[in-house]
Amino acid sequence: MDLGAEPPAFDPASEQERALAEENARLRRICGALIERVESAGMAGGAPYGAFEHAVLLAEQVRERTDSLHRTLEALSEANARLEEARAEAEAANHSKTRFLAAVSHDLLQPLNAARLFTSALEDQALPGEATRLVGHIGRSLKDVEALLGTLVDISRLDAGVLTPDVAAFPVAELLDVLAEEYRQMAAARGLAFRYVPSSAVVSSDLALLARVVRNFLTNAVRYTKRGRLLLGCRRRPDGLEILVADTGPGIDEAHQEAIFLEFRRAVTRPEEADRGLGLGLAIVDRIADMLDHPLGLVSRLGHGALFSIRVPYGRRREMPPAAEPTPGADRLAGARVWVLDDDPAILDGMAALLEGWGCRVRCASTPAALEALSRRERADLLLVDYHLAPGDPDGLCVADRLCRAHPGLGVVLITANHDGDLKQWARERGYDCLFKPVKPLRLRVLIANRLQAGGGQACN
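Residue numbering for the sequence shown follows numbering that gives the first Met the number 0, beginning at 0 and increasing consecutively.
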């Protein structure tokens, strides 16, 4: 042995390679063990990698379909935005149409109101036979115009959703007594018997809208009944008062009973029974009843007349002044001092002619200043005031408030073409009566008589 030989030199690089080789071998063993475990845990048939590839394919399909769904949702969102924009434009156009019809109806109602007043004043005069007949024709024509105009405005308001019910409790006689007297005269003119069964019940509803419904029932009954009789009355039901109108007219076939509540449909379509209506009356009735949640009823058989009804919930009874007679005579109004305020000279002339024919002492004014100057010299029992006065003047409610403060006990009747529920509420809170244009003379006469006797406020009608 050569003790003088040097030992081999230490090579760090070789040592590192050896360590890496050992680690690589160890990792191969681990990888082999893992592959063996995956193989042993695979599906029956031994295709774990095929399942993996299938899962990857499914994931790709899900991603593609998700992307497609997102694109579809984006397109749908854009379509919804366009639809919402179109709906907003349609609503704006509908409200614009409603405002236009309201404005036009107000302008048309002014001369129509004056014409009705003049005609009613003439009907109260002693005229030659031919003149009486002509005045009657004029009155009927004006009523047709009023009905057509009112129908168009009502259907427009109902479609636009701008008609808000003004629900309050009131004795049903407050509505039906006036309608009974009005339609008793119309039925008599056509040779029909008319029976009215009054009721003392108190109901809760919008008086003006309910009047529209019952008035339509009565109008159709008079229009389509050639001979026989009509009935206006009530039945007490557990869930409300059923107001009914029956006639001995031609009746309605069962197959058409639902259709007559649709627009532009009529119960009778034969030419000899045609009228100048639009076929919208019962469509309006149906919408009003739905708005008020008052169930409608119809019982009819062809050739045996018809019975229309509406069921109204009961209201809480309140203290009421003694009811006035529903048919005031001329002596009831004779000597009554009445102020009339309106910015339309024709309406002032017509109202003066009508009231003076009833024996009232009438003083008219076209401006609030003129009426207030008059009020400093005289007193009155009643004020008839238009709500919409000339531009720059206060409205009728403000004028009435000032005059009532100066003259306690002064009765007020507000006359308006505005069917806004808030206006009716304001009038009722002040104890004022309210009439809508065009003024129905009989309704005005009854209201004045009731006001002079009791002084109690009533709702708009």
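Note that these hints are calculated values from the structure, not bench results.
It is possible that some hints are incorrect.
[Unchecked claim] With a straight-line Cα cutoff of 16 Å, these simulated EDC-like cross-link-like pairs (lysine to aspartate or glutamate) come out:
id: 1; residue 1: 439; residue 2: 180
id: 2; residue 1: 142; residue 2: 181
id: 3; residue 1: 439; residue 2: 123
id: 4; residue 1: 439; residue 2: 14
id: 5; residue 1: 439; residue 2: 21
id: 6; residue 1: 142; residue 2: 129
id: 7; residue 1: 439; residue 2: 16
[Stated by the list, open to error] Restraint-style ranges between C-beta atoms, simulated for each label pair:
id: 8; residue 1: 312; residue 2: 421; range: 16 to 24 Å
id: 9; residue 1: 199; residue 2: 425; range: 23 to 31 Å
id: 10; residue 1: 194; residue 2: 421; range: 34 to 42 Å
Since this is a predicted model, take the numbers as computed values, not measurements.
Idealized CB from N, CA, C, for every residue including glycine.
Evaluated hints:
no.: 1; hint: 439 <-> 180; verdict: 12 Å, holds
no.: 2; hint: 142 <-> 181; verdict: 13 Å, holds
no.: 3; hint: 439 <-> 123; verdict: 14 Å, holds
no.: 4; hint: 439 <-> 14; verdict: 120 Å, violated
no.: 5; hint: 439 <-> 21; verdict: 114 Å, violated
no.: 6; hint: 142 <-> 129; verdict: 20 Å, violated
no.: 7; hint: 439 <-> 16; verdict: 116 Å, violated
no.: 8; hint: 312 <-> 421: 16 to 24 Å; verdict: 23 Å, holds
no.: 9; hint: 199 <-> 425: 23 to 31 Å; verdict: 29 Å, holds
no.: 10; hint: 194 <-> 421: 34 to 42 Å; verdict: 38 Å, holds
In this structure, the earlier hints numbered 4, 5, 6 and 7 are contradicted, and the remaining ones agree with it.
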